[in-house]
Amino acid sequence: MESNGGDAFRILEEIETLKAAKSDIEHRIANLQVQIGGVAVEEMTDSILCPPISTNDAGFGHGLSPEMVYRYSRQLLLPSFGVKGQSNLLKSSILVVGAGGLGSPALLYLAACGVGRLGIVDHDDVELNNMHRQIIHTEAYIGQSKVKSAAAACRAINSTIDIVEHREALRTSNALEIVRKYDIVIDATDNLPSRYMISDCCVVLGKPLVSGAALGLEGQLTVYNHIGSPCYRCLFPTPPPTSACQRCSDSGVLGVVPGVIGCLQALEAIKIASAIGEPLSGRMLLFDALSARIRIVKIRGRSLHCEVCGENAAFTEQMFQDFDYEKFTQSPLTPLPLKLKLLPENVRISAKEYKERVVKGEAHVLVDVRPEHHFKIVSLPKSLNIPLSSLEGKLPEISSALKEEEKCNGPTSSPGASLYVICRRGNDSQRAVQLLHKMGFTSAQDIIGGLESWARDVDPNFPIY
Amino acid sequence: MSVGGLSTMGEQGGEVETQQANILPKASDDSLLSIKVLFFARARDLTGLTGISLEVSTGSTAHDCLNLLIAKFPRLDEIRGCMVLALNEEYTSESSLVRDKDELAIIPPISGG
Ligand SMILES: [Zn+2]
Numbered sequence: 001m002e003s004n005g006g007d008a009f010r011i012l013e014e015i016e017t018l019k020a021a022k023s024d025i026e027h028r029i030a031n032l033q034v035q036i037g038g039v040a041v042e043e044m045t046d047s048i049l050c051p052p053i054s055t056n057d058a059g060f061g062h063g064l065s066p067e068m069v070y071r072y073s074r075q076l077l078l079p080s081f082g083v084k085g086q087s088n089l090l091k092s093s094i095l096v097v098g099a100g101g102l103g104s105p106a107l108l109y110l111a112a113c114g115v116g117r118l119g120i121v122d123h124d125d126v127e128l129n130n131m132h133r134q135i136i137h138t139e140a141y142i143g144q145s146k147v148k149s150a151a152a153a154c155r156a157i158n159s160t161i162d163i164v165e166h167r168e169a170l171r172t173s174n175a176l177e178i179v180r181k182y183d184i185v186i187d188a189t190d191n192l193p194s195r196y197m198i199s200d201c202c203v204v205l206g207k208p209l210v211s212g213a214a215l216g217l218e219g220q221l222t223v224y225n226h227i228g229s230p231c232y233r234c235l236f237p238t239p240p241p242t243s244a245c246q247r248c249s250d251s252g253v254l255g256v257v258p259g260v261i262g263c264l265q266a267l268e269a270i271k272i273a274s275a276i277g278e279p280l281s282g283r284m285l286l287f288d289a290l291s292a293r294i295r296i297v298k299i300r301g302r303s304l305h306c307e308v309c310g311e312n313a314a315f316t317e318q319m320f321q322d323f324d325y326e327k328f329t330q331s332p333l334t335p336l337p338l339k340l341k342l343l344p345e346n347v348r349i350s351a352k353e354y355k356e357r358v359v360k361g362e363a364h365v366l367v368d369v370r371p372e373h374h375f376k377i378v379s380l381p382k383s384l385n386i387p388l389s390s391l392e393g394k395l396p397e398i399s400s401a402l403k404e405e406e407k408c409n410g411p412t413s414s415p416g417a418s419l420y421v422i423c424r425r426g427n428d429s430q431r432a433v434q435l436l437h438k439m440g441f442t443s444a445q446d447i448i449g450g451l452e453s454w455a456r457d458v459d460p461n462f463p464i465y
Numbered sequence: 466m467s468v469g470g471l472s473t474m475g476e477q478g479g480e481v482e483t484q485q486a487n488i489l490p491k492a493s494d495d496s497l498l499s500i501k502v503l504f505f506a507r508a509r510d511l512t513g514l515t516g517i518s519l520e521v522s523t524g525s526t527a528h529d530c531l532n533l534l535i536a537k538f539p540r541l542d543e544i545r546g547c548m549v550l551a552l553n554e555e556y557t558s559e560s561s562l563v564r565d566k567d568e569l570a571i572i573p574p575i576s577g578g
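Chains as they are written, first to last, in this note's numbering: chain R, 1 to 465; chain F, 466 to 578.
Think of the hints as simulated: they come from the structure by calculation, not from any bench.
Hints may contain errors.
Cut-off 20 Å, straight-line C-alpha distance, at most; resulting in silico cross-link-like pairs (SDA-like, lysine to any residue) [as the list claims (entries may be wrong)]:
1. R:K327 <-> F:C547
2. R:K339 <-> R:R247
3. R:K298 <-> F:L562
In isolation and in its complexed conformation, chain F is listed as follows (with noise of 0.2 Å):
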């Protein structure tokens, strides 16, 4: 189990620390999956992180992924019906399978100007 794929930054400038999230109970290592979940915009002010590994359990779709994640950030909710879901840079639908090493991009939009 790899901790610190990813060294954040706080949407104030300051460091957060990475977070590595262990949500399912650990069953043997190969029906688990680490995958990479970067957060945009709102995403990270609801989260104070701009992103987490996160680890499922193999089958997972992208849809499950965002029920974990708002699991464990509730206020994540609050963008749940209004985002861009991006699976390695690509648009994905919620229904699709990760991978391990898998990069979910959650990319609320952003109205200023």
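Only chain R is shown next, with the shape it has when bound in the complex (with noise of 0.2 Å):
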């Protein structure tokens, strides 16, 4: 009691030691303003610790505010930036749709090289397999909303610019009104449905498109609807079947890659937003990152047959807003993991149902027809590695699998060792199943879900990719 009573009282002694120190600090503060011509005190504080957004005219003819020219000093040194294009910057826009791993370093640098306002468009949740790529977002984020966590770390950069979130999917039911807002937009989505839709709302509103794409160890880039430059169906005008459109989470991406093309986006948005430089309008960057080469192609200028930006085209806001995206390019907006039904339930079992035969030690053998390189991340035991491209060709191999294990179990096995198949979410197995049916394997089964599943229903401590 005593002692705590004591603790209290020397705590309060500081308390009182420190506001005599903190008013004798304000009175020399007082004093300097005076001197410099009487800026109020307390307006002073608040501007070093939060500096307000207005372009207040300090005096100087640009706009810039003491803060502003100190925080953007290196850019202002630049003589083909200077002032004047850090004023451009500050009174634009941009929109950014995509919080991902090309919109993560986009973002970073947009935020701090000082785009008055700066919009973040995503409807996803940072995840743990987004970490490598995705620099924007930190662990703490795990799970929560990938708009909330660039905004707030855009905001940690430069807390004087606009952050604005829209935690939304970017349909055509709300891009006109989200977009109409900016100046600028760059797309650093991850499928093809929004690339067509961002585009033609792009063409549509008369704004320029910063696009950038990145796919294993190759990206590229370029700067549609903008001073004669296409739009992308003026390159496009048929969609790439599906086959042809492989994503990050199936084909794989080396972080820096998206981040590289993230990087020459935002620099691209600064050069249009700054009015700076030859902005990559009428060409095509291509980035690959293996070979250590960039490579650029002058494209195509726009189309005067495009469909959307030709000369007779009359494509309308309202004709945007009824165009199915999704239907288009036979691709889903938000694109889930694809599921085929291909097998009748008699042929399929579920990993639940796998586990229980193995542990009743039924003869079998279990064939995983993922890629080499897949199998080597995880597997299960036992299974034999046969690539569904190459499964054709490796019948043989099953076969012997088959009357090994049968030798094994001896006579007890009178109907023959068992042949399921395996692979990461169950599309592959069935694709391969239908195969060896064809090929004499008539007992063959697929497991319901893959590896996944596995994880899912059977061993929770099973590694998932």
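Assembly of the complex is requested from the two constituent chains, each provided in isolation within its own frame, with the hints serving as guidance.
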């Protein structure tokens, strides 16, 4: 009791001492303030902690406050950028669609360099498997909205700009309203229907579109719909088949590759916003990480026959809102893993049933039809890796594995060994079973939902990827 | 006939042999042009190559070259209708004539991010 009372006294005493020191410092600040012309002390301290967004003219004719001059000084020192470039940038607004691998570095640089208003659109939450490339997010935000996480990171870098959070997927129903509020759009999405939709929306509203894409070890970058450059549809009037549209979650991507493209997207957007340099319009940059090569290819100009931006095109806001981008590209705007159903129920078993059969000691062969590099990440014990692409030529391997299994189990296994097929998500295993049935392995069965369902329903410690 | 104008890397990071495509029956050397074909993105997956050198007859167009390539790599047909075609780093239409030592780039769109 007594010692607590003593502590409290000491703390109160220290508070009094600090208050006295504070009042002394405030007094000295006020005196200095008087010397330079009398700005209220409070306003001054406020503006140091959180300077106003408005470009209050400090009397130097460029509208940059002293804090802004200091913050952006290294850009102001660039003769080709200077105060003019910075003022333009501070007056501009940029919308970044997607806070993922491309959007992460783009947003960080755009916030840092002083874009006046920065909008972020995304509907997703941060996941652990994003972290290797989506560098704007931190572990603390796993499970939370990407927009919230990205906005917090941008504000932490630059509290003086306006950051607008759009926590929703961009769709034909909201795109016009959102995009209309910005000068420049950055496409940092990861799917084809969004790319067509954003391009069309930018044509309808007359906004320049800085479009980047990355997959595996390659990236692409160009500026659409800007000073005579084409739109996405001018280049690709017919969407590629869905088989040609691979995603990072299937094909993989080295984190720094979208990082490089995202940085270049920020750069192009900054150039357009500040009106400096030569934008990447009518040219496409191709980045090849493996060979360390960047190529710039001149692409076609605007197509007179383009259905959206062409001479006789009459693509209106209403038509945009009514257009079905998912149908047009035959892929969903918010991609979910594909779930095929190629086989009848009687030739499929669940991961749980398979586990029961293993426990019972059933004689069987388990063929894993994933590519070899997937198999190396993780596999079930005793599974035989025969990738789907080489299955047809390796049927003898399966035959001999089945014979071996029957021999080991002796005469008790009279009906012969069973044949099960597994893959990552249960699509390729169905294709494999169809093929096996055709080739005479009529007992082949697939494990529904693949290794993902094994991890979910049987072994929660089994790694998923 | 020069073999190995390109040293190529496969998409998996492994060395992929340089390929020389002799698709046309060999006529006199004057009537053949040798062009370099570069594959990007999905075209790399479908061919397993970053590029090949291709011999075509004089007077061939980019369209003819594409047909030869699809004959050699039938899976390329998948992206036939959706690619940027660049000749010597400039947009080209399929009707353009190719010349000796030209570089033809086949660039399908990437949609990932
Ligand atoms: Zn167009």
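Status of the hints after comparison with the structure:
Distance check on the hinted pair: K327 of chain R and C547 of chain F sit about 17 Å apart at the alpha-carbon level, within 20 Å; holds. For the hint pairing K339 of chain R with R247 of chain R, the CA-to-CA distance comes to about 15 Å; that is within 20 Å, so the pair holds. Restraint check for K298 of chain R and L562 of chain F: satisfied, since their Cα atoms lie roughly 18 Å apart, inside the 20 Å limit.
Hint compliance for this structure: every hint is met.
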